[in-house]
Amino acid sequence: MNRKDGDVQALKTEKRKLVDENLKLQRNVLELERRNGELQLKLENDEKSLENMEKNQAFLFQRNEELSKQLAEAQRSRNDDKRTIDTRLTDLITANQKLRDNLAGVLEDAKRQSAAKDLKITELTEARNSLTGRVHECEKQVRHATELAHSRQSHVDLMNTKLADCEAIVRQLRSHQNVHDDLNTLRKQLSEQTSYIRKMEDRVQKLTEENRYYRQTQESIDVLREQKASQDRQLALMDTLRTRLATLEVEVTTLRGEKAQWKRFLEDKDESGMDSPYALSKALARQRLDFRIIRGHLDEEIEKRNRREENLARVEEQLRQMAKRVEEMEAQHDRDERTIKRLEKSKSLSQKETEFLREQLRSYDLEEVTMTDDADTAKLDRLARLEELLEEHKQRITELEQELQNFRNTAGPPPNQRLHAEDVASARKEIMEKDHAIRALEAEKVMLEREVTSLDQQVTELLADLGRGEYNPKTTRILQLADNPEAAEYAIRAATLAALKAENDALRKQLLEGTGIGARLLPVETYQALQVQCEKLERGIAEEAKKSLRLREVFQVKANEIREVVLSLFGYRLDIELDGRVRLTSKYVKPEELSMVFNSGENNMGTMEINGTTSQLLNDAREHYVTRHESIPAFLGFITLELFRHLEESGGSG
Amino acid sequence: MSTARNSKQITLRGSAEIVVEFFEYCLNSILFQRGLYPPEDFRPVKKYGLAMMVAINESLNAYLRQVLTQVGEWITANAITKLVMVISSKDTREVVERWQFNILLERDPRTEPAHHSSVPLEPKSEKVIQAEIAAIMRQITASASFLPLLDDPCTFNILAYTDKNAEVPATWAESDARLITRNAEQVKLRSFSTSVHRVEGLVAYRLGE
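Here the protein sequences come in this chain order: A and B. The opening residue of the first sequence carries number 1 in the working numbering; numbering runs sequentially from there. The opening residue of the second sequence carries number 1 in the working numbering; numbering runs sequentially from there.
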């Protein structure tokens, strides 16, 4: 009995333990189911977020494709522009090559011309050398003649001295009457001497004539020397001129080529609508501006694209993180599922154990039935209570299972997870709203930009209208002086036209009438028209005469001013003679004492004639400055200084 | 003029005189630069620190004097907004150039004295004004470089854009705007201000065929 009580006790303990374990298992099951639900919800949310992200990714990918298309289009237009520019560059290079060829041709021509010029220069140099030789010979002759003249002059002087001596002797002899014979002798000697002196005077006369001839020759030699000097100068200038000529020829050829190109370009009928270099330059400038604007847009688009790529990368990074989290959650889910299975197995094991215990209890019941005599009512009561308790537990398990089922059917995610999902949903909603707002703002920005562009265009057009002179007739009126140059001009034209019309009508009438009385006479309208024309021409003549008079007056005034300026600044009075020669007279000397006459000839040649008293110093200065250094200003400056010095020494002043 | 120049704050009349004087030299300069009259019809005078060309043609001077006297009165009465010199072809009467000068009243000293002005303007010195005018004159001289050559013989006329209610002498008559009808281009010139009036220049011209 005691053993039976002990067994019952042990069974009860076991039953309690089983019940506890069952409860514990049920709690675990519930907990696992709850966690399973949470994980499923989380999985669903993650799947939704994954879907959204995929949508975003698809949208961004689409945008990226659009941007890439825009970029490709911009690059294509840029390539087109580049191709156009390259074509133009090629054209320009071809033109440049042509110009270079032309230049080479021109250079060859220039070389040929230069060789011809060199030949001419050589000829001129030879002519110059021959002239120089002639000049030297003439100089030698002149020098010889001068020496001869000097020697003869000294001889004449000597003879004059002797004559004077003889006359003195004669006078002395006359005073002495006693020497009559000697006197006769002396008279004879005197007559001889006189005849000799006459001969000498004749000779001197001849020599003087010869000298005059040589002086004239000397003048012509001076002229020749001047010509030689001017030729030398001309030769010296030839090099500069040749260089200048070559440069100018090259320029002319270049300009002709350019002109021909422009002409060709202007003659070519194209669809560009550019009919002048200005329009072309303008169109080119506009295209450049457009190109810059497009480049600016392209840069902006590239920048936007870069920003979007960055956003895309960020989103992809977020996507990767989310995928990682999903993987982690799936792993957790797998682990949880495994735990659930294990727990379910342990639950079924516990159920089996419970069944076993129930069977054992049933066997106990059967044993008690078979042993009714020895049954203890108290024990039976306890067993009955235990059975009731067991029934209650079963009922409780059923209720709990029912509740679990209900809970599974109706329950949502747990509060903390729901909160998280709400946050995510609100954030997502907010992001979408922001995206919408950004898209709307961008669209608005584009619209505003378009509006700004159209307004700019409108402003430009309005400014152009204002520039053209448009006005509001309601508030403004345009006035002109009734008697204005334009009206006067058109009145004259109208009068001429009216007169011509009348004349024309009259002539036509006369022609139609044929042989009338006044057919051969001049129509009065013709006369009137001619009168109008005559008046117009007379007015024109009066205008021209007035203009000419004004010019003459101005010229006279200016010429006097220039002469005064030259006199005060350079010290020379400038007179232009009737034959075109220029006479210079220093302000420090009288005109009859010294003046210089300049005559300009052809080929930049000229002569200088010095009138008045000349001195050796002046001749030396002329030789030095004019002949050797070919500087007339220096010669004139020397004369001025010398005359000023002379005047100062003699006590006067300028 | 002296009242305008000597006082620190320029008067309306003084400002109008400066503007009229500017127009006188400006119109003469345009007539010379564009070759509407032969060069011997002009003589050089020193003005604005530049050698300006002034006409000695008596009929031309009389016309300009008559126009500018009236323009001065309109400027003083604030009844003129634009002064336009129209250059037209004698043969076709077509307008080839329009030299337009907008006259804006920046501040009316009669209704808004300097010390009561909400935005007090610094009075401009004569030197500054002349420097601004000289810049316009230089620009007019330089405009010969870009303006098309006037191949045909041309004449000119001066138009005044006045207020509808402005007093008009009997010698003046209404005109149309004389616009350039085709191939028009325009270049804005510099402006100058007397601190009472601002004058803005603009030249519109017809490009060749």
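In case anyone wonders, no lab produced these hints; they're calculated from the structure. Errors might be hidden in some of the hints.
[Claimed, not checked] Taking lysine-lysine pairs in the DSSO-like style, the calculated list, with each CA pair at most 30 Å apart, reads:
1. B:Lys90 - A:Lys536
2. A:Lys228 - A:Lys111
3. B:Lys90 - A:Lys547
4. A:Lys347 - A:Lys12
5. A:Lys547 - B:Lys164
6. A:Lys546 - B:Lys164
7. B:Lys47 - A:Lys474
8. A:Lys263 - B:Lys90
9. A:Lys546 - B:Lys90
10. B:Lys164 - A:Lys474
11. A:Lys501 - B:Lys124
12. A:Lys546 - B:Lys188
13. A:Lys55 - A:Lys140
14. B:Lys46 - A:Lys282
15. B:Lys90 - A:Lys558
16. A:Lys558 - B:Lys188
17. B:Lys124 - B:Lys188
18. A:Lys352 - A:Lys55
[Claimed, not checked] The calculated label-pair distances, taken between Cβ atoms and stated as ranges, are:
19. A:Arg539 - B:Lys46: 44 to 52 Å
20. B:Glu126 - A:Val565: 16 to 24 Å
21. A:Arg292 - B:Glu21: 42 to 50 Å
22. B:Asp91 - A:Arg539: 36 to 44 Å
Backbone N, C-alpha and C define an ideal beta-carbon position, used for all residues, glycine too.
Checked hints:
1. B:Lys90 - A:Lys536: holds (15 Å)
2. A:Lys228 - A:Lys111: Answer holds: Lys228 of chain A to Lys111 of chain A is near 28 Å, not above 30 Å.
3. B:Lys90 - A:Lys547: Given pair Lys90 of chain B, Lys547 of chain A holds - Cα atoms ~22 Å apart, limit 30 Å.
4. A:Lys347 - A:Lys12: Distance of about 20 Å is within 30 Å: holds.
5. A:Lys547 - B:Lys164: Violated, at about 43 Å.
6. A:Lys546 - B:Lys164: violated (43 Å)
7. B:Lys47 - A:Lys474: violated (39 Å)
8. A:Lys263 - B:Lys90: holds (29 Å)
9. A:Lys546 - B:Lys90: Cα-Cα ~23 Å, so holds.
10. B:Lys164 - A:Lys474: Distance of about 7 Å is within 30 Å: holds.
11. A:Lys501 - B:Lys124: Answer violated: Lys501 of chain A to Lys124 of chain B is near 60 Å, above 30 Å.
12. A:Lys546 - B:Lys188: At roughly 38 Å apart (the allowed maximum being 30 Å), Lys188 of chain B and Lys546 of chain A break the hint.
13. A:Lys55 - A:Lys140: violated (118 Å)
14. B:Lys46 - A:Lys282: violated (37 Å)
15. B:Lys90 - A:Lys558: This hinted pair is violated, its Cα atoms lying about 35 Å apart.
16. A:Lys558 - B:Lys188: violated (40 Å)
17. B:Lys124 - B:Lys188: holds (23 Å)
18. A:Lys352 - A:Lys55: violated (51 Å)
19. A:Arg539 - B:Lys46: 44 to 52 Å: For Lys46 of chain B against Arg539 of chain A, whose Cβ atoms are near 34 Å apart, the range 44 to 52 Å is violated.
20. B:Glu126 - A:Val565: 16 to 24 Å: Check failed, 34 Å falls outside 16 to 24 Å.
21. A:Arg292 - B:Glu21: 42 to 50 Å: At roughly 44 Å between Cβ atoms, Glu21 of chain B and Arg292 of chain A fall inside 42 to 50 Å, so the hint holds.
22. B:Asp91 - A:Arg539: 36 to 44 Å: Violated: the Cβ-Cβ distance is about 19 Å, outside 36 to 44 Å.
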